[in-house]
Amino acid sequence: MEKMMQNMMKHYPMMIGMGFMLVVIALIVGAFNAANAAAYYAVDKAVRDASLELAQVRSGIESTVVWLPYFKFLGVGMILAGITMALGVIATGLQKMATEVLGKAPPKPRSAMLMRAWMMLGMLVILVGFIVSLGVAGTASSVFSNPIIAIDAAESGSAILAGLGSVHAAASWLEAFKFVGVGFLFMGIINGLASILYALNLQRQALPQVVQKQGAARSTAPAMAGD
Amino acid sequence: MMEKMQQTMMKRYGMFAWIGLLIVLIAFLFSLQVASANGDFFSASKAAREGAAAGSALVGANVTRHALAWWVPAFKFAGLGIMLGAITMALGLIATTLRSLGGDLMAKWPAELNPGLPEKPRAARIFPVLIMAGWMVLILGLVIAWATTGLVAGYWDHSIASELNQAATGSALLQALGTIQATGPWLAVLRFLGMGLLFTAITLALTVVVRTLQHQERSLKRFIQARSA
Numbered sequence: 000m001e002k003m004m005q006n007m008m009k010h011y012p013m014m015i016g017m018g019f020m021l022v023v024i025a026l027i028v029g030a031f032n033a034a035n036a037a038a039y040y041a042v043d044k045a046v047r048d049a050s051l052e053l054a055q056v057r058s059g060i061e062s063t064v065v066w067l068p069y070f071k072f073l074g075v076g077m078i079l080a081g082i083t084m085a086l087g088v089i090a091t092g093l094q095k096m097a098t099e100v101l102g103k104a105p106p107k108p109r110s111a112m113l114m115r116a117w118m119m120l121g122m123l124v125i126l127v128g129f130i131v132s133l134g135v136a137g138t139a140s141s142v143f144s145n146p147i148i149a150i151d152a153a154e155s156g157s158a159i160l161a162g163l164g165s166v167h168a169a170a171s172w173l174e175a176f177k178f179v180g181v182g183f184l185f186m187g188i189i190n191g192l193a194s195i196l197y198a199l200n201l202q203r204q205a206l207p208q209v210v211q212k213q214g215a216a217r218s219t220a221p222a223m224a225g226d
Numbered sequence: 000m001m002e003k004m005q006q007t008m009m010k011r012y013g014m015f016a017w018i019g020l021l022i023v024l025i026a027f028l029f030s031l032q033v034a035s036a037n038g039d040f041f042s043a044s045k046a047a048r049e050g051a052a053a054g055s056a057l058v059g060a061n062v063t064r065h066a067l068a069w070w071v072p073a074f075k076f077a078g079l080g081i082m083l084g085a086i087t088m089a090l091g092l093i094a095t096t097l098r099s100l101g102g103d104l105m106a107k108w109p110a111e112l113n114p115g116l117p118e119k120p121r122a123a124r125i126f127p128v129l130i131m132a133g134w135m136v137l138i139l140g141l142v143i144a145w146a147t148t149g150l151v152a153g154y155w156d157h158s159i160a161s162e163l164n165q166a167a168t169g170s171a172l173l174q175a176l177g178t179i180q181a182t183g184p185w186l187a188v189l190r191f192l193g194m195g196l197l198f199t200a201i202t203l204a205l206t207v208v209v210r211t212l213q214h215q216e217r218s219l220k221r222f223i224q225a226r227s228a
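Protein chains in written order, with numbering that gives the first Met the number 0: chain L, 0 to 226; chain V, 0 to 228.
For the record, the hints were derived by calculation from the structure and aren't laboratory data.
Every residue gets a Cβ at the ideal spot worked out from N, C-alpha and C, and that includes glycine.
Zero decoy hints are in this set.
Straight-line distance between alpha carbons at most 25 Å, and here's what the computed BS3-like set of lysine-lysine pairs gives:
1) V:K119 with V:K220
2) V:K220 with L:K95
3) V:K119 with V:K10
4) L:K212 with L:K107
5) V:K107 with L:K95
6) V:K107 with L:K103
7) L:K71 with L:K9
8) L:K212 with L:K103
9) V:K107 with L:K212
10) L:K2 with L:K107
11) V:K45 with L:K44
12) L:K212 with V:K220
13) L:K9 with L:K107
14) V:K10 with L:K107
15) V:K119 with V:K3
16) L:K103 with L:K9
17) L:K95 with L:K2
Pulled from the structure, derived: some chain V residues nowhere near chain L, Cβ distances all over 12 Å:
18) E2
19) V62
20) V128
21) N164
22) I179
23) L192
24) S218
25) R221
Chain L regions said to be covered by chain V (calculated; three or more residues, Cβ under 8 Å):
26) 175 to 186
27) 193 to 204
Just chain L, with the same shape it has in the complex:
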């Protein structure tokens, strides 16, 4: 399991590349959505509000507005996870170096384990947010495929208002939820840095011991040669 984790950590450039790609795709989709919105709002309000055909355009715009930010944050999350993985690789390298110098493996810090746990938790939160946003985008699409006059005239308890309520409610908590994911990923980075600090402090403590050992080896070498 440990070995698998360490192997996975080494793939951090791929993770960062994939995250960057998602952000670029989000930018392209956002640009298309902006063009759609510009075309939609170029029509006068009376026609916009009554047209069933334009309602389909609006349905696309509104549903994209719902899911796109979470898709973008999935990309940002992957980049942050990639940074955490890179820190993990550095910490593992330092740990290996310490093992070679000391001749025995030093104890692993708790932060090394926590780093992975926070990273995975953060990615999970962002992924769940994205999946939920896809569901909400479906609801938004069905609500806004009705002309605005139909939405405005909807009675309490109708399917349209139930959908509209759930879209607005989900948008509010999803917005904060993705930042919880980012917060967890930041905790992963902080634990990664703590692991590096631990390894460096370990080297600092082991330094006198290593120098002493080398000095002893050097002083015995001429004596042995003299024998």
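Fit chain V to the known structure of chain L by using the hints.
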């Protein structure tokens, strides 16, 4: 004195990270309240929403969804900012540890080969100032958001159809709306200015780490050359 205080504070990066995460989680709890208010408000028909009188449950829900959505983003960003500050502190601590490690190692070299510790790079003095500046900007934004929440709540605590939409030019209601619309965008800019300062602090802290490693590499090369000569 100042240097010592900074070092002590930097060692507490874990505590700052937890405080930041706690703030982000509290912000999430408030967002659930906004979600509930949004659900209540939009479950009523448009006519009922707009016609509801001040003091009614619908107007109450409208006040909650606007007032909380006004200050919660500033609060959430303050939490994230504190976490970014903690990351910068950990990087600063790594740079300090690398410097001490290099110092300890070079102390074992013969005096004529020991180049001594270099002067602290300027970036090392600037990044703690940037953390503080970033935090101050984010806290300022939060304080302004809290201070103006009353205005937002007061504005939305009216009937949309009979009071807000009927407000005449120069009325207190329209003045309040003007202030809210004018304050919102620059509060958002203030949040990103704070985050920008913190990201710059991270970049500078990374520069210090890189410079420290470069200095150690140069010293080690000089040492090996001198020994082999």
